[in-house]
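**Q** This is what each chain is made of:
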Amino acid sequence: MLTDLLGFPPQVLFGQLLLGLINGAFYAVLSLGLAVIFGLLNIVNFAHGALYMLGAFATAGLTTYFGIGYWGALILAPLIVGAIGMLIERFLLRRLSGVDHLYGLLLTFGLALVIEGSFVKLFGSSGLPYAPPPQLMGGVNLGFMFLPWYRGWVVLAAVVMCLVTWYIFEKTKIGAYLRAGTENPKLLQAFGVNVPLLTTLAYGYGVALAAFAGVLAAPITQVSPLMGSNLIIVVFAVVVIGGMGSIMGAIVTGLSMGVIEGLTKVFWPEASATVIFAVMAIVLVLRPAGLFGNAT
Amino acid sequence: MSMAVMDNHELGGQHLSEHIEELRLTDVHAYYGESHALHGIDMTVYRGELVTLLGRNGSGRTTTLRAIMGLIGHRTGSIHIKGEEVIGMASHKIAHLGVGYCPEERGIFASLSVEENLMLPPQVCVGGMSVAEIYEMFPNLAERRKSQGTLLSGGEQQMLAMARILRTGANILLLDEITEGLAPVIVDTLGEVLITLKQRGYTVVLVEQNFRFAAPLADRHLIMDHGHIATTVLKDELEEKAHVFEEYLSV
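Keeping their order, the protein sequence lines are chains A and B.
The numbering of the first sequence is our numbering, which starts it at 1 and goes up by one.
The numbering of the second sequence is our numbering, which starts it at 1 and goes up by one.
Note that these hints are calculated values from the structure, not bench results.
Incorrect hints may appear among the rest.
[Claimed, not checked] Derived SDA-like pairs: lysine to any residue, alpha-carbon spacing no greater than 25 Å straight-line: (1) B:K235 - B:D188; (2) A:K173 - B:K235; (3) A:K186 - B:E105; (4) A:K173 - B:E136; (5) A:K186 - A:M280; (6) A:K186 - B:G77; (7) A:K173 - B:R47; (8) B:K93 - A:P132; (9) B:K93 - B:R47; (10) A:K186 - B:M119; (11) B:K198 - B:E105; (12) A:K173 - B:M129; (13) A:K171 - B:R145; (14) A:K186 - B:M89.
Bound conformation, chain A alone (with noise of 0.2 Å):
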């Protein structure tokens, strides 16, 4: 085989693009719900990290607290944690919606570490254990690899969501909405559209899509305070790749970038942890809109 030429068994291959996957996976549904954000409300929603990991928190505590298990938390945390975006949105963000988006920035950023911050002092920064749900214990020997299921799931549910998604904005009148509010709202509210109450949905749903990353990954990473934190940041360069506010290219980056990290383990581990940063410099220097962005 090709990889064994290269020098690289197989099972490190395919291991590495399947994390690169599952990676990938969690930076489109984060990168999509960015990406719904910005559209209508054109900020960048810096608390995105925070309420991803409130949504692994709601499925610890879920669990602890209500006996509510695994498959019970994929639907509920992500309203809960939907919900409270909501009110973040209809009481903070609303406030300055006419003022300069930097604004805006800094209110989710400073979001971001209050929440961030209350979590550290109440649960401290260690994290706790979440075991994947027992359907989903073990895994399958492909032969060329060992597939766990639980990893296979992630991809899967995420992949589904991504394609719901896409298919509520293009194909939906909701999605309609959500399209002419990105270009032109005060034109669609004067159609008689009530587009604030658009815009704290659309925040709600992409917040409610950075919890349901959340308990994709609580059984993978732990549930730590600080596990939004170290994935956002790379979620943010996706986001350049991919150019902000369009929905296919936050799924397709998304995984690409994770496919693309994954391989680069492989092939130059040194680099695996920058070469996200070295596309998105790439990408700014060719295409400053991003590879789906309308450069306007």
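Given chain A, put chain B in place with the hints provided.
**A** Structure of chain B alone, referenced to chain A:
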């Protein structure tokens, strides 16, 4: 047509069987940041009337429509639509009083197809045109309904911008420079559309640059200058008041 209407020289409309106020602005001021754009607009438009706002660029015609629509943050005075005070109302609620707005830049959404653009505004009143009726009125739109909205020609985009507010049941139409930059044949088509709308009893406020287009259609012309309404010309006074147009419209 009742004699009362004919006697009343404030009105020029032929279809006004009774004068119901659809739109009344009283001492409306509007500001863009520090700049004072409207200096006390007073105007009334009755049901079924077609009224133009004429004037030079910067005289406040577009701002007047935007103020009615609630698109200007800072405005004072009083605006009544169908008897309801809207000066502090959010623009989506104003739309639901039955107001359709066609902005100067047409506002066709690039990320929506022609059909999505057409179907975008929610219904605001009963009795809007059906999609079939609209496609009959604007056959080009039917042919190109799957195209991206902004790939239409300028004339087609203008028709789309008109069509999409006719679908919603809005019966007060605020139309901003709908003939701007369009070929004469398309301007003629839009003229026919306006005649049809008038026959159907729509109330229309038309901002126009093209006086030849507006003159035969309108019941009254409100001439704007420096953010207020300088004078009114009824349609049967066009000849005797020709000097007014010279004074306020010539460049």
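**Q** It remains to establish, for every hint, whether it holds in the given structure.
**A** Structure-based check of each hint:
1. B:K235 - B:D188: Between K235 of chain B and D188 of chain B the Cα gap is close to 20 Å, so the pair holds against 25 Å.
2. A:K173 - B:K235: violated (43 Å)
3. A:K186 - B:E105: Holds. K186 of chain A to E105 of chain B sits at ~13 Å (cutoff 25 Å).
4. A:K173 - B:E136: holds (24 Å)
5. A:K186 - A:M280: Not OK: K186 of chain A and M280 of chain A at ~33 Å, beyond 25 Å, violated.
6. A:K186 - B:G77: holds (22 Å)
7. A:K173 - B:R47: violated (33 Å)
8. B:K93 - A:P132: With a Cα-Cα distance of about 49 Å, the restraint between K93 of chain B and P132 of chain A is violated, given a limit of 25 Å.
9. B:K93 - B:R47: Given pair K93 of chain B, R47 of chain B holds - Cα atoms ~20 Å apart, limit 25 Å.
10. A:K186 - B:M119: With Cα atoms ~17 Å apart, K186 of chain A and M119 of chain B stay inside 25 Å; holds.
11. B:K198 - B:E105: holds (24 Å)
12. A:K173 - B:M129: Given that 25 Å is the threshold and the Cα spacing comes to 19 Å, the pair holds.
13. A:K171 - B:R145: Satisfied, since the Cα-Cα distance of roughly 15 Å is no more than 25 Å.
14. A:K186 - B:M89: holds (14 Å)
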